[in-house]
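*Asks:* Sequence:
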Amino acid sequence: MKGWWGRILRVDLTNNKVQVQEYPKEVAKKFIGGRGLAAWILWNEAKNVDPLGPENKLVFASGPFNGLPTPSGGKMVVAAKSPLTGGYGDGNLGTMATVHLRKAGYDALVVEGKAKKPVYIYIEDDNVSILSAEGLWGKGTFETERELKKIHGKNVGVLSIGPAGENLVKYAVVISQEGRAAGRPGMGAVMGSKNLKAVVIKGTKEIPVADKEKLRELSQEAYNAILNSPGYPFWKRQGTMAAVEWTNENSALPTRNFSDGSFEFARSIDGYTMEGMKVKQRGCPYCNMPCGNVVLDAEGQESELDYENVALLGSNLGLGKLNEVSVLNRIADDMGMDTISLGGSIAHVMEAVEKGILKDGPTFGDFKGAKQLALDIAYRRGELGNLAAEGVKAMAEKLGTHDFAMHVKGLEVSGYNCFIYPAMALAYGTSSIGAHHKEAWVIAWEIGTAPIEGEKAKKVEYKITYTPEKAAKVIELQRLRGGLFEMLTACRLPWVEVGLDINYYPKLLEAITGVKYTWDDLYAAADRLYALIRAYWVREFNGNWDRKMDYPPRRWFIEGLKSGPYKGQHLDEKKYDELLSEYYRLRGWDERGIPKKETLQKLGLEEVIPELEKVTKLE
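When you line the sequence shown up against the working numbering, it's residues 1 to 619, in that order.
If you're looking for bench data, these hints aren't it; they were derived computationally from the structure.
Fair warning: there could be bad hints in the mix.
[Stated by the list, open to error] Beta-carbon label-pair distances, calculated as ranges: (1) Q601 with N288: 41 to 49 angstroms; (2) K280 with K398: 36 to 44 angstroms; (3) G365 with P610: 33 to 41 angstroms; (4) S563 with S132: 50 to 58 angstroms.
Please read these numbers as outputs of a predicted model, since none were measured by experiment.
C-beta atoms are modelled at their ideal positions from N, C-alpha and C, and glycine is treated no differently.
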């Protein structure tokens, strides 16, 4: 095999066993890598398991682009059955660990079981050790990574959890490089449930490539195209932080638990304010358009910002000082918590307090209260900290606050408010992990403009529409963003933000693997992945699947925007439902949102059919 090793490293922490499994080339070709490989493993091995039990599998998966000089190809997928949602969970992060895993001779690492005491896994090529982490347990992710690099040298990749993962906070994440995070649906909690503090990897092998010269030539061309893009200079200045101004102008900025789409202090937390505070920039491996803008926070410490964490920990909490928002962001990264779900959970508490449903807790605009609650969540301190550590869905079930519970399938909504954006609401509704934007950032298309060239976003006279092409556009973007990029495994930002020609990706894949994929092949692989992940959800929910699982939060249907040119407007439930039916039709899924038999057969997923038929009737 070229481009793939065809090898999965397996570590059983219960029995202290390490083994290498070879997997078929056909699986590599069908699922490509990254998310594809992870979903295939979980479908076959994590059946009806307790997400926080030793039987759950924690998968660290790389793709053909990793460990090679490919544009922003320094990503890794971390996946498991989710303790937050009960379904498929994953996330990707930029990390040297993906470079080293591939150079150590593996396409994925699968961890199962549970260690008796805290441990970390050390991988150096073919030598794999399970070592004591008792001296690291309780430490934040920043100190953990620094300590492990003192022991094993700077030229390693480190993945670790903080106190949030150790304490099984349901939206704990895996952290690398002091701010790169993966696994919003609780991958850090799965890691903590196994008493696994960290994974350290050092690889020295050469990855087998089909056409080295072609790969070098194409990569150089792509890197140059990125540097010469008209949008590059402004991207370097603001990165994703440009979206604060843009979403605010288009009534899409999450404000006070998504109750409004614009924030009166948006100017104080936007990309221009960040530019004045920036002290350095960080990037992922093999990236020449770094997005990690580092500022000094209100406590004089470094904090790496991007749009999502500023929106959810800033305007969504009613906080208008960027240096204070930066403190909350740093705490989340060091404690190992997802910034988006943390912001959503604190905002839910704030609204419940303001409505008199909770007696004690912070209210909107209370920075000190938000900071205290963030730390209480990480350590599950007190009744409120423990409750908020369960996430918004669990809070809503306990408090009866469903009307303002901002989640889909248990995963908190990320940074786009959708009172007037049906396509983006559909993207959230049908995302394969819950309410996440990365799979179909359709809102830029829906608004009709994207902030990539430094000019102010044009005012577009917007009218809510539910046309069939919106469902088609969501699927198109899911195929690319949630499929292709997640399988390669590569960052989507060169394509999304500076307009790198999408055709570089299949060409690079062919140079690496020697396999010629047409666009039809790549779309089929993405559709196969989405069908398999949906099948996983249906199986894990014992066939109790309902189209309402693909609905966005109730708030967008029952309330209107509070301010701005679209004041009073909101989504129409009946029209959304029709759009959802169109989405199912295009995907070849039935009216419940379950893939049909003929669809599974066409996608080469025949083995899924008998499994699903154990829990539900297939059309």
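*Asks:* Work down the list of hints and note, for each, if the structure agrees.
*Replies:* Do the hints match the structure? See the list:
1. Q601 with N288: 41 to 49 angstroms: Since Q601 and N288 have Cβ atoms about 43 angstroms apart, the given range 41 to 49 angstroms holds.
2. K280 with K398: 36 to 44 angstroms: Once the Cβ atoms are compared, 42 angstroms apart, the range 36 to 44 angstroms for K398 and K280 holds.
3. G365 with P610: 33 to 41 angstroms: 55 angstroms, violated
4. S563 with S132: 50 to 58 angstroms: At roughly 55 angstroms between Cβ atoms, S132 and S563 fall inside 50 to 58 angstroms, so the hint holds.
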